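Colleague: The residues making up each chain are set out below.
2 protein chains.
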Amino acid sequence: MGDRCTMVISGSQLMSYISDFTNICWFMEPEFEEAVRRLHCVVGNAVVDDRYIVVGTGSTQLYQAALYALTSPGGPEPVSVVSAAPYYSSYPDETDYLCSRLYKWAGDAYEFDKNGTGPYIEVVNSPNNPDGTLREAVVKNRGDEGKLIHDLAYYWPQYTPIIRPADHDIMNFTFSKSTGHAGSRIGWAVVKDKEIARRMSKFIEMSTLGVSKDSQQRAAKVMGVLCDGYQNCKSANKSDDLFFEHTRQIMAERWERLRQIVERNQVFCLPKYPKQYCLFSGELIEPYPGFAWLEAKEGEEIDSQKVLRGSIKVQGRTGRRFGVAEKYVRISLLSNEEVFKEFLERLSTIKSMSSNGH
Amino acid sequence: MGDRCTMVISGSQLMSYISDFTNICWFMEPEFEEAVRRLHCVVGNAVVDDRYIVVGTGSTQLYQAALYALTSPGGPEPVSVVSAAPYYSSYPDETDYLCSRLYKWAGDAYEFDKNGTGPYIEVVNSPNNPDGTLREAVVKNRGDEGKLIHDLAYYWPQYTPIIRPADHDIMNFTFSKSTGHAGSRIGWAVVKDKEIARRMSKFIEMSTLGVSKDSQQRAAKVMGVLCDGYQNCKSANKSDDLFFEHTRQIMAERWERLRQIVERNQVFCLPKYPKQYCLFSGELIEPYPGFAWLEAKEGEEIDSQKVLRGSIKVQGRTGRRFGVAEKYVRISLLSNEEVFKEFLERLSTIKSMSSNGH
Numbered sequence: 001m002g003d004r005c006t007m008v009i010s011g012s013q014l015m016s017y018i019s020d021f022t023n024i025c026w027f028m029e030p031e032f033e034e035a036v037r038r039l040h041c042v043v044g045n046a047v048v049d050d051r052y053i054v055v056g057t058g059s060t061q062l063y064q065a066a067l068y069a070l071t072s073p074g075g076p077e078p079v080s081v082v083s084a085a086p087y088y089s090s091y092p093d094e095t096d097y098l099c100s101r102l103y104k105w106a107g108d109a110y111e112f113d114k115n116g117t118g119p120y121i122e123v124v125n126s127p128n129n130p131d132g133t134l135r136e137a138v139v140k141n142r143g144d145e146g147k148l149i150h151d152l153a154y155y156w157p158q159y160t161p162i163i164r165p166a167d168h169d170i171m172n173f174t175f176s177k178s179t180g181h182a183g184s185r186i187g188w189a190v191v192k193d194k195e196i197a198r199r200m201s202k203f204i205e206m207s208t209l210g211v212s213k214d215s216q217q218r219a220a221k222v223m224g225v226l227c228d229g230y231q232n233c234k235s236a237n238k239s240d241d242l243f244f245e246h247t248r249q250i251m252a253e254r255w256e257r258l259r260q261i262v263e264r265n266q267v268f269c270l271p272k273y274p275k276q277y278c279l280f281s282g283e284l285i286e287p288y289p290g291f292a293w294l295e296a297k298e299g300e301e302i303d304s305q306k307v308l309r310g311s312i313k314v315q316g317r318t319g320r321r322f323g324v325a326e327k328y329v330r331i332s333l334l335s336n337e338e339v340f341k342e343f344l345e346r347l348s349t350i351k352s353m354s355s356n357g358h
Numbered sequence: 001m002g003d004r005c006t007m008v009i010s011g012s013q014l015m016s017y018i019s020d021f022t023n024i025c026w027f028m029e030p031e032f033e034e035a036v037r038r039l040h041c042v043v044g045n046a047v048v049d050d051r052y053i054v055v056g057t058g059s060t061q062l063y064q065a066a067l068y069a070l071t072s073p074g075g076p077e078p079v080s081v082v083s084a085a086p087y088y089s090s091y092p093d094e095t096d097y098l099c100s101r102l103y104k105w106a107g108d109a110y111e112f113d114k115n116g117t118g119p120y121i122e123v124v125n126s127p128n129n130p131d132g133t134l135r136e137a138v139v140k141n142r143g144d145e146g147k148l149i150h151d152l153a154y155y156w157p158q159y160t161p162i163i164r165p166a167d168h169d170i171m172n173f174t175f176s177k178s179t180g181h182a183g184s185r186i187g188w189a190v191v192k193d194k195e196i197a198r199r200m201s202k203f204i205e206m207s208t209l210g211v212s213k214d215s216q217q218r219a220a221k222v223m224g225v226l227c228d229g230y231q232n233c234k235s236a237n238k239s240d241d242l243f244f245e246h247t248r249q250i251m252a253e254r255w256e257r258l259r260q261i262v263e264r265n266q267v268f269c270l271p272k273y274p275k276q277y278c279l280f281s282g283e284l285i286e287p288y289p290g291f292a293w294l295e296a297k298e299g300e301e302i303d304s305q306k307v308l309r310g311s312i313k314v315q316g317r318t319g320r321r322f323g324v325a326e327k328y329v330r331i332s333l334l335s336n337e338e339v340f341k342e343f344l345e346r347l348s349t350i351k352s353m354s355s356n357g358h
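If you're matching them up, the sequences are chains A and B in order.
Every letter in the first sequence is one number past the one before it in the UniProt record's numbering, and letter 334, counting from 1, is 334.
Every letter in the second sequence is one number past the one before it in the UniProt record's numbering, and letter 277, counting from 1, is 277.
Read the hints as simulated data drawn from the structure, not as lab findings.
Predicted, not measured: the structure shown is a model, and the values here were computed from it.
Backbone N, C-alpha and C fix where the C-beta goes; we use that ideal spot for every residue, glycine too.
Keep in mind that a hint or two might mislead.
[To be verified] Partial chain B-side listing against chain A, Cβ under 8 Å, derived:
1. C5
2. G11
3. L14
4. M15
5. T57
6. Q61
7. S89
8. D93
9. C99
10. S100
11. L102
12. G183
13. S207
14. L344
15. S348
Bound-form chain A, shown alone (with noise of 0.2 Å):
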């Protein structure tokens, strides 16, 4: 969108910790609040009337924010933390890299379901990383117990149709998935309950004592032009300035042509997602995830990640990593398009997994 999204912050400007006071999330930009309220309202993936908006360093933080929130330390053991197989793969260290007396990873929330015990968090990541499916609970009976953090970083028009607008207890989004400014390290909560959205702020507060007010603003900005351009394009009818179409167009098309390449070679196969009816498009689409979640298909012992970099030099991450097999790689497929125009033409080359690479 050109330069419609530069940003400048002179000298003087965004040097407080404090970005208002009367905010229970104090250290937030009223300009940044502002825009991720009007992006939601654009898009219509998440209700965010009468919801409290808490900013944290990528939703890394806040998925931590979210798991002192719901836990408290006068409780008698580590209370579980699940999620369902294949997960996040970096859901485990982020829980236990501290040895929390207050939460512990326990895996598998299908597994958790069947014969787990006490008080438990399970974490909905949907769209999934790394399959790309829709998701909801598993765990069922949740009772008093069991507490819910909904991870939907990549629910966005340009990876997923938008079935309804997500109203969740604890919802997390991030600026790098939804526009890509993963450098930017911004992330938000929509949070139903205040109490709650105080705690996860007294908890960045302790972390890294607020939020980089230069991201906060440059994020502000960038939403801002998003918005814009749909507001424009009723208007004036330019869908050149309509991100999402855009940024949708493209995964579509890299969808298409690795699909191919797959079919092609019959090494591996990849998830099948149902068209679904998208409230933002008001269209039947089909989901274009942010990764290629690969079953080798040769066999169960197959691991498709030591064979892809042994064979093509491609690095992708094991099954191992999500909780399943090794026969599963995740391959991301928000690179630059040199870079995913390479990973096609090797990947083209694979003529069978057990021959490569051993």
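Guided by the hints, dock chain B onto chain A, whose structure is given.
Modeller: The following block gives chain B in isolation, referenced to the frame of chain A:
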């Protein structure tokens, strides 16, 4: 410095998680590292040659990164974390909020030196927040069981004589206190040991998956302009370009006005700081700390915070929060001129602590 510090970021810049995969701290912008090294060379307040730099989301995050780097999950019990009272009031909370099994807050380092046992980490805050003193480690006979973190947030020429280039294992600094840009949440550690730098970087990866690149670039720009001032000065004698001389002058004036009032009304005492030779200015100079550490003269039981709030509506932080008696109170001297002037005017109306606010 007018618009020389103005930062411009286009919509498509700084989007990646990654800054430099060949650096241990792979999310650190090379321009930021270069600016940090240059700044320390200009000021002479820390040894940076053959040291690793780790960027953090403020020194708050780097303090926690250092605790993580200096402990390990295999340990039999939490490592004791201590600092000499009066200690920075956020250390206890930042150490204990996640109830880690790796480390726990154990209070005053003088007490630990007398009665403590087992592995420990001493945080040396110099100049010290709240009382402005230059400090060294106080726990003796460290042996293999003791580790040090040096929090040098205020070790800059506007606050203190630079008595030597600091040369410790882990030294934390912050953009917030060096130039006043607290809102950017940028800090850095200067680290001797490669493995410690690696573990601190790993902590930041798990905590926030990196540090805002917008703010890193802005910090690099501001530090660069500051350093340019000193280089231009040498060639053209433009002393209005000299950041530390300008800010030191403001601090000196504030302290002079503050001491006059405190001496006149005889209700509080302020610490006396010895003049020391400053390597940066080449003169014998007095410290001008960022906080007034006020002690009520009239009796041990006075709650100075309460009296100040009740009688003149000034919000300080009680000595209790710093591990000492409530006759002490800390007041920030880093507000804007209007607020500072108002503070002095109110302070000058106090005649006696025991007759006020009760």
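Colleague: For each hint, tell me whether it holds in the structure or not.
Modeller: Against the structure, the hints come out as follows:
At a threshold of 8 Å, the smallest CB-CB gap from C5(B) to chain A is about 3 Å, leaving the interface hint in force. For the restraint placing G11(B) at the interface with chain A, the shortest Cβ-Cβ distance is roughly 3 Å, inside the 8 Å limit, so the hint holds. For L14(B), the shortest C-beta to C-beta distance to chain A is roughly 4 Å, which falls under 8 Å, so the interface hint holds. Restraint check, M15(B) versus chain A: the minimum CB separation of about 5 Å is within 8 Å; hint holds.
Given the 8 Å rule on beta carbons, the hint for T57(B) holds: about 4 Å separates it from the nearest Cβ of chain A. At its closest, the beta carbon of Q61(B) sits 5 Å from a beta carbon of chain A; the interface hint therefore holds under the 8 Å criterion. The interface hint given for S89(B) is broken, as the beta carbon of that residue sits about 12 Å from the closest beta carbon of chain A, more than 8 Å. With a least beta-carbon distance of about 6 Å to chain A, the hint placing D93(B) at the interface is held under the 8 Å criterion.
Proximity of C99(B) to chain A holds as hinted, the smallest CB-CB distance being about 4 Å (cut-off 8 Å). At a threshold of 8 Å, the smallest CB-CB gap from S100(B) to chain A is about 5 Å, leaving the interface hint in force. This hint holds: L102(B) has a C-beta 5 Å from the nearest C-beta of chain A, less than the 8 Å allowed. For G183(B), the shortest C-beta to C-beta distance to chain A is roughly 4 Å, which falls under 8 Å, so the interface hint holds.
For the restraint placing S207(B) at the interface with chain A, the shortest Cβ-Cβ distance is roughly 7 Å, inside the 8 Å limit, so the hint holds. For L344(B), the interface hint is violated, since its Cβ never comes within 8 Å of a Cβ in chain A; the closest pair sits about 21 Å apart. Residue-level restraint check for S348(B) is violated (minimum Cβ-Cβ distance to chain A is 27 Å; threshold 8 Å).
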